[in-house]
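Residue numbers (our numbering), protein chains in the order written: chain H, 1 to 109; chain G, 1 to 109; chain D, 1 to 109; chain E, 1 to 398; chain B, 1 to 398; chain A, 1 to 398.
Hint data in this document are derived by calculation from the structure and do not stem from the laboratory. Don't be surprised by glycine CBs; every beta carbon is placed ideally from N, CA and C. Honestly, I wouldn't trust all of these hints.
As the list claims (entries may be wrong) - The calculated lysine to any residue pairs, modelled on SDA-like cross-linking and capped at a C-alpha distance of 20 Å, are:
hint	chain 1	residue 1	chain 2	residue 2
1	D	K23	D	D71
2	E	K182	E	L339
3	A	K35	D	R36
4	G	K23	G	I86
5	E	K35	E	R374
6	A	K35	A	L123
7	H	K23	H	L73
8	G	K18	E	F186
9	G	K34	B	S125
10	G	K18	D	V30
11	B	K35	H	M55
12	H	K34	H	I86
13	H	K18	H	G79
14	H	K85	H	T65
15	D	K85	D	D54
16	G	K85	H	R101
17	D	K85	G	G105
18	D	K23	H	M55
19	D	K18	D	T70
20	G	K85	E	S381
21	D	K34	G	E14
22	H	K34	D	V30
23	A	K252	H	M55
As the list claims (entries may be wrong) - Computed list of chain D residues with no C-beta within reach of chain A, every gap over 12 Å:
hint	residue
24	K9
25	E21
26	F25
27	D54
28	T65
29	D67
30	T83
31	R101
32	T104
33	G105
34	E108
35	T109
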Amino acid sequence: MKLVKAIIKPERFEFVKKALEEKGFTGMTVSEVKGRGEQKGISLQYRGKTMSVDMLPKVQIDIVTRDDRTDELVTVITGAARTGKIGDGKIFVIPVERAIRIRTGEVET
Amino acid sequence: MKLVKAIIKPERFEFVKKALEEKGFTGMTVSEVKGRGEQKGISLQYRGKTMSVDMLPKVQIDIVTRDDRTDELVTVITGAARTGKIGDGKIFVIPVERAIRIRTGEVET
Amino acid sequence: MKLVKAIIKPERFEFVKKALEEKGFTGMTVSEVKGRGEQKGISLQYRGKTMSVDMLPKVQIDIVTRDDRTDELVTVITGAARTGKIGDGKIFVIPVERAIRIRTGEVET
Amino acid sequence: MVLDTGATAWILASTALVALMTPGVGFFYGGLVRKKNYLATIALAFVAFALVSIQWVVVGYSLAFGPDIGGFIGNLDFLGLNGVGMDAGEGTYPPLLFMIFQLVFATVTMAIVTSGVAERVKLSSFIIFALIWTTIVYDPLAHWAWGGGWASQFGSLDFAGGTVVHISSGFAALALAIVVGKRTGFGEHLMEPANIPMTLLGTALLWFGWFGFNSGSALAANGIAANAFVVTNTAAAAGALAWMFASWYHGKPASLGLVSGAIAGLVAITPAAGYVGAMTAIIIGAVAGLICYGAMLWRIRRGLDESLDAWAVHGMGGLWGALATGIFAAAAVNGYSGLIEGNVQQFIANAAGAFAALVYSFGVTLIIAFAIDRTIGLRVSEEEEYVGLDISQHGERA
Amino acid sequence: MVLDTGATAWILASTALVALMTPGVGFFYGGLVRKKNYLATIALAFVAFALVSIQWVVVGYSLAFGPDIGGFIGNLDFLGLNGVGMDAGEGTYPPLLFMIFQLVFATVTMAIVTSGVAERVKLSSFIIFALIWTTIVYDPLAHWAWGGGWASQFGSLDFAGGTVVHISSGFAALALAIVVGKRTGFGEHLMEPANIPMTLLGTALLWFGWFGFNSGSALAANGIAANAFVVTNTAAAAGALAWMFASWYHGKPASLGLVSGAIAGLVAITPAAGYVGAMTAIIIGAVAGLICYGAMLWRIRRGLDESLDAWAVHGMGGLWGALATGIFAAAAVNGYSGLIEGNVQQFIANAAGAFAALVYSFGVTLIIAFAIDRTIGLRVSEEEEYVGLDISQHGERA
Amino acid sequence: MVLDTGATAWILASTALVALMTPGVGFFYGGLVRKKNYLATIALAFVAFALVSIQWVVVGYSLAFGPDIGGFIGNLDFLGLNGVGMDAGEGTYPPLLFMIFQLVFATVTMAIVTSGVAERVKLSSFIIFALIWTTIVYDPLAHWAWGGGWASQFGSLDFAGGTVVHISSGFAALALAIVVGKRTGFGEHLMEPANIPMTLLGTALLWFGWFGFNSGSALAANGIAANAFVVTNTAAAAGALAWMFASWYHGKPASLGLVSGAIAGLVAITPAAGYVGAMTAIIIGAVAGLICYGAMLWRIRRGLDESLDAWAVHGMGGLWGALATGIFAAAAVNGYSGLIEGNVQQFIANAAGAFAALVYSFGVTLIIAFAIDRTIGLRVSEEEEYVGLDISQHGERA
Ligand SMILES: Nc1ncnc2c1ncn2[C@@H]1O[C@H](COP(=O)(O)OP(=O)(O)O)[C@@H](O)[C@H]1O
Ligand SMILES: Nc1ncnc2c1ncn2[C@@H]1O[C@H](COP(=O)(O)OP(=O)(O)O)[C@@H](O)[C@H]1O
Ligand SMILES: Nc1ncnc2c1ncn2[C@@H]1O[C@H](COP(=O)(O)OP(=O)(O)O)[C@@H](O)[C@H]1O
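So that you can see chain H by itself, here it is in the shape it has in the complex (with noise of 0.2 Å):
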């Protein structure tokens, strides 16, 4: 199995969602994230001090699935990421051993 790491913009999640949806992945797991790319940084100010805020808020959705399916799954969030413009993130595929379902203790390998 394969742990899809896919790091996007926040506006554009529902669309990922949807069109991961209608793939029939379902099954995911998000969080908020801030991060930062090749793009240099914006600098900001609190009460006379300067620091550089380059961190921008970002979705991270991790999706655990079969390894034939990584790559329909890459192509799918790539294409409903995508704007075209500078931050529309990065996918990584991670291995992973295996998967295993509390509920029953189901294992997936």
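Chain H is fixed; fit chains G, D, E, B and A with the ligands onto it per the hints.
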């Protein structure tokens, strides 16, 4: 080593934590996430527009442990997190190449 | 590629970020987490009930980098995050199969 | 009588102050529930405000302050505010102003009652409950104490609503909590408060509004109003410190304890505010802090899920306040003497008024709650409770 | 005349109450925008407060309340508060107090206008816009209705600012939204509100402050003030319930709907507060809830990005209120009769006043906004909008 | 004299307004500290409120306003409010009301002082410190200026507490910060504010409450009260704009700067509120914004960890206000002339009053803080500081 990533119901967290402590698993990193499994969502409404908010709050526990303790860890979490109802959550086991303790620089593999 | 996941003290974050920038690591994803290591917790009280709240706020930095830069990355983080006191944090190195840039579809492995 | 513009100005301002208390209760409670019920809990206070505001102008005021029927309730002469005038009648301010000043007491009482069904009530059922409760519990109680009913005839003193507002709402919340049952997982799961700073903010609004509540109840801008203001603040401070130190003795002094103690002090001084001085207020407030803290500990030990503690703080604090008024009333302040000055009758009258209100509110609330629960159901489904009331009742997220 | 200390006390207190409404609008709106614009949205209310406060004492008060020039505007006799005295002049309170009471109306109006440019306005441009708008839109409108201008000469009734404050700000927000254009991604992306509890808190402050707004507009501590207080609360409650039930019919009753309905009711009763009784207030408030809810649905269907709904709630609510005043004014309350009591003229006068204000505000705002947009630009760059106004305009994070 | 119900009504309302400022300071500061100290910082304001409320009715009022002993302090005639009456004595309102109006000044002063030990004070030590400080610093200072002490005998003018409240608390905070030392990691780590919207909310409550603070200090509902109200608002607006533009010049105009400027303006106008007009208030407020902004920059450059800036804003703003009163007092407003009208003596008296308060507060605070630090310790342990005061002092999490 393995990274055991468990996504559980927030209200089971204290319970799981206690069970882990008893078995000697003290180190962990916890984050608040939202998640959805197989169950279909609930629909939300905001000033006349409907949107489906099927993502429910979950707690994600990340524990890195030795290969030979992984099975025990999974069993402990499964036991403590289970309510037998939908939404009990998932556990994923991910390979870790090494772990470094920042304070000492010590490396474990 | 590797995912280097560092869990550090929040107050060291700006410092670590600066150190990373200097070495050319700009891309990163950051999240607020809570964590506990070996140290034993502190106990909290809420309206007559006691609960142990040993989880302290940490910052988790996820950086995906090329295999050959992993050691350098670990060294930079270790150096910048260390205060020599308990709670300095941990770094985990996890294998990544590939990384996709959403904007361009470009794949790195 | 001729209108006193100063008195009128102070009652106008006091009415505004008390009006802020209804959402204040919502913020106080909202901060204490779990995140998933944060909005819904605040919303209940607004719903209570809106419902009771309409009920009161249409029928409630008449039931409470209309010409007396058998010492129990007012008649319908003032239906739709018929005959409630803009000119100073027998007082020094417009009766219409007295009406709205009383209205905001009725709304905040309803908001306190929501404590008992927190995190599990069905919005539609609450609406029906609230309309019935305010009509057949609150309105008679207000009549007994202030509208010429039996309690006032009997000489029971309640300056600003210790029985009418606090005993009634506190014991109603308890009855509701018993009927509706515990929240799923109560006692097993940890239930973390959504936002304690919001609770502190709610406290600030309540403390602020309470000056109108108690001092405005003088219905004049004079020394009695000043005295009520002083003892209100003093009792709040004493209650806060008492609860803080008591909880410190048992562990760490939570900020939540501090503000709960302040509310306890405010509740207890409410019936006494026009009859005692500042030094007595220190005693009343401090004892209130200890009693309510103890009541809360007892409730927890008993496993009762009345977890926003309207019962412990408003119910028990109000009870103590009513008795304390009968004990400490000082002739030097306002002409009334209590037990300490040898007036046993005053203590008896106050105890009678308080226990009658307690029994009536608790009993009738049990019946209403039970009836609603058996018919349309007071409680949401297990699933709705699980996803939270914000989503299931309002389709919203905080 | 001799100074009435009671009246003076109530106007002082009312001014404080209304002053709280300007930040109140900021909190209300701040809770509804996206997290990245949370601070900036609140900050706009403070900026509006500060700017208009200075403009008003320097020149605005004179333009609005100085001796009349052609029914359109005041002259500059009161420049820098020259001659605005501390002694009761012709009234029962100091003219200087009337000046500051009016000031806080001007500031809150400006805060409501920010709705139209939410999440996309450039701070520097807003400052310039605000100074121009308050001078050439608000000041004349205040003069028309209250400063001896044509509308008051024509007999148009506006007790506390239905046209001056609400129609003017609501339609100005609409004009601004049209000129500034939609937020990037409006209609495509989900735009989640930053913090609805903050919006509920803003509502509590607004409701509270509105008692000063309407009841203080009696400029006396008397029966008219009491009546205004009563109908204000009643209309708010009716509006809240109407919107709640209407939205329930279509789905779930959001807490946001509840409070929007309350604001709608408050807006609509504003011009009528001194002229109608409580039972009429139920009608005015409930209809306002329905009209404003409908206006909001229509705005959404039309894809108009005036998403904090100043237009739907203040603009349309104010319009309904102005007409309703012409319809329902009851001689028994304050000597004025409306359509229902057979006085067609009153309805015509009110309709004329309202529509003139509507057209003037909408038209002139369009021109100002357009001029600023073509010169220095009203809107931030796409990048600045993307990172949010908190960072790009203020260098801060909530 | 006979009781003036209008004056009494306004002082009652003002007392409520000022009472809201104490938690207001808590919310203001709470928003600015790190998340782990968010609750504890707000709680300190409530603790200050409760402690000083009790101290004041028991002994503080007597020390401040009891019959004079050597120009320095009052005697104990009014211990336990003995003889503080409910009937209008020599004034037009009850002395008991004056007592509670003064009480809320004492509590808010204590809340401001907490700035100096933010995020590192031990709760138990703060309690002891607060009781000592309010007794031997605040009470004498109040006596000097208002209780018949040497400063008032010398002709020093302080309308609403520029020296008593602001200079005293600002310089006390500085002394405390010096004794308690920097927060661990100050200057190295980034310390992010917990919740700036909460700070903006605190500002709204402060601005609102300040109307009672300054205008209520007229102790009457008349033209002086109206004037104080006007200049209060005007100076706040001018201060906000001045700080905003000054910080804009150096970077981005943070909302935090805007509200800090407003507070600076409010502080500076406090002593002058009864003696100057609105146009002068623009100057006083704007200059205050610039001075306090400059003071803050200087403090940062010096590496002083008085990071909630009570010193920069209250201390320096209060100092400027006291001098400005001596400079700008205008006979036309209230019969007093300042430097500009040729009255050098007034300036000298005010400077003397201000510097004496400054030196006394700073010096005595140093001693108290030092004594506590060497005995029971003023500061939490390094570990407790690390986990935060919410957990370590209160056992809670926001
Ligand atoms: N090397 C990396 N490691 C971890 N996360 C990264 C890395 N590079 C980018 N990201 C994440 O992806 C997000 C989008 O990256 P970004 O560079 O903005 O995309 P693009 O390259 O299309 O501009 C960042 O905000 C960050 O969260
Ligand atoms: N394929 C998946 N990838 C990532 N996370 C998942 C996946 N499936 C489920 N989860 C996570 O696990 C949580 C529980 O899943 P759920 O389906 O509700 O459990 P159950 O199958 O017992 O009902 C979800 O809320 C989500 O966070
Ligand atoms: N076994 C583990 N699995 C996952 N996270 C861990 C583990 N051990 C520690 N951590 C994370 O690292 C953080 C720092 O660990 P800690 O033990 O405090 O460091 P140190 O060993 O230097 O005291 C913890 O707060 C937790 O988030």
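To see whether the hints hold, each was checked on the structure:
1. D/K23 <-> D/D71: At roughly 12 Å apart (the allowed maximum being 20 Å), D/D71 and D/K23 satisfy the hint.
2. E/K182 <-> E/L339: Violated: E/K182 and E/L339 sit about 40 Å apart, past 20 Å.
3. A/K35 <-> D/R36: holds (18 Å)
4. G/K23 <-> G/I86: At roughly 27 Å apart (the allowed maximum being 20 Å), G/I86 and G/K23 break the hint.
5. E/K35 <-> E/R374: Violated - the C-alpha atoms of E/R374 and E/K35 are around 29 Å apart, more than 20 Å.
6. A/K35 <-> A/L123: holds (18 Å)
7. H/K23 <-> H/L73: holds (8 Å)
8. G/K18 <-> E/F186: The given pair, whose Cα atoms are some 18 Å apart, holds under the 20 Å limit.
9. G/K34 <-> B/S125: Violated - the C-alpha atoms of B/S125 and G/K34 are around 40 Å apart, more than 20 Å.
10. G/K18 <-> D/V30: violated (28 Å)
11. B/K35 <-> H/M55: Since the Cα atoms of B/K35 and H/M55 sit roughly 14 Å apart, the hinted pair holds (cutoff 20 Å).
12. H/K34 <-> H/I86: Within the cut-off at roughly 15 Å; holds.
13. H/K18 <-> H/G79: holds (12 Å)
14. H/K85 <-> H/T65: violated (28 Å)
15. D/K85 <-> D/D54: At roughly 16 Å apart (the allowed maximum being 20 Å), D/D54 and D/K85 satisfy the hint.
16. G/K85 <-> H/R101: Distance ~12 Å between G/K85 and H/R101 Cα, so the pair holds.
17. D/K85 <-> G/G105: holds (13 Å)
18. D/K23 <-> H/M55: The given pair, whose Cα atoms are some 18 Å apart, holds under the 20 Å limit.
19. D/K18 <-> D/T70: holds (18 Å)
20. G/K85 <-> E/S381: Given pair G/K85, E/S381 holds - Cα atoms ~15 Å apart, limit 20 Å.
21. D/K34 <-> G/E14: Cα-Cα ~14 Å, so holds.
22. H/K34 <-> D/V30: holds (5 Å)
23. A/K252 <-> H/M55: holds (18 Å)
24. K9: Non-interface label on D/K9 violated, nearest chain A Cβ at 9 Å vs cutoff 12 Å.
25. E21: holds (15 Å)
26. F25: Answer for D/F25: holds, closest chain A Cβ roughly 19 Å.
27. D54: Since the minimum Cβ distance to chain A is about 10 Å, D/D54 lies within 12 Å and the statement is violated.
28. T65: holds (24 Å)
29. D67: holds (32 Å)
30. T83: violated (9 Å)
31. R101: holds (30 Å)
32. T104: holds (33 Å)
33. G105: Non-interface label stands for D/G105: nearest chain A Cβ at 36 Å, farther than 12 Å.
34. E108: holds (32 Å)
35. T109: Check passes; 36 Å lies beyond 12 Å.
Of the hints listed earlier, those the structure fails to meet are numbers 2, 4, 5, 9, 10, 14, 24, 27 and 30, in rising order.
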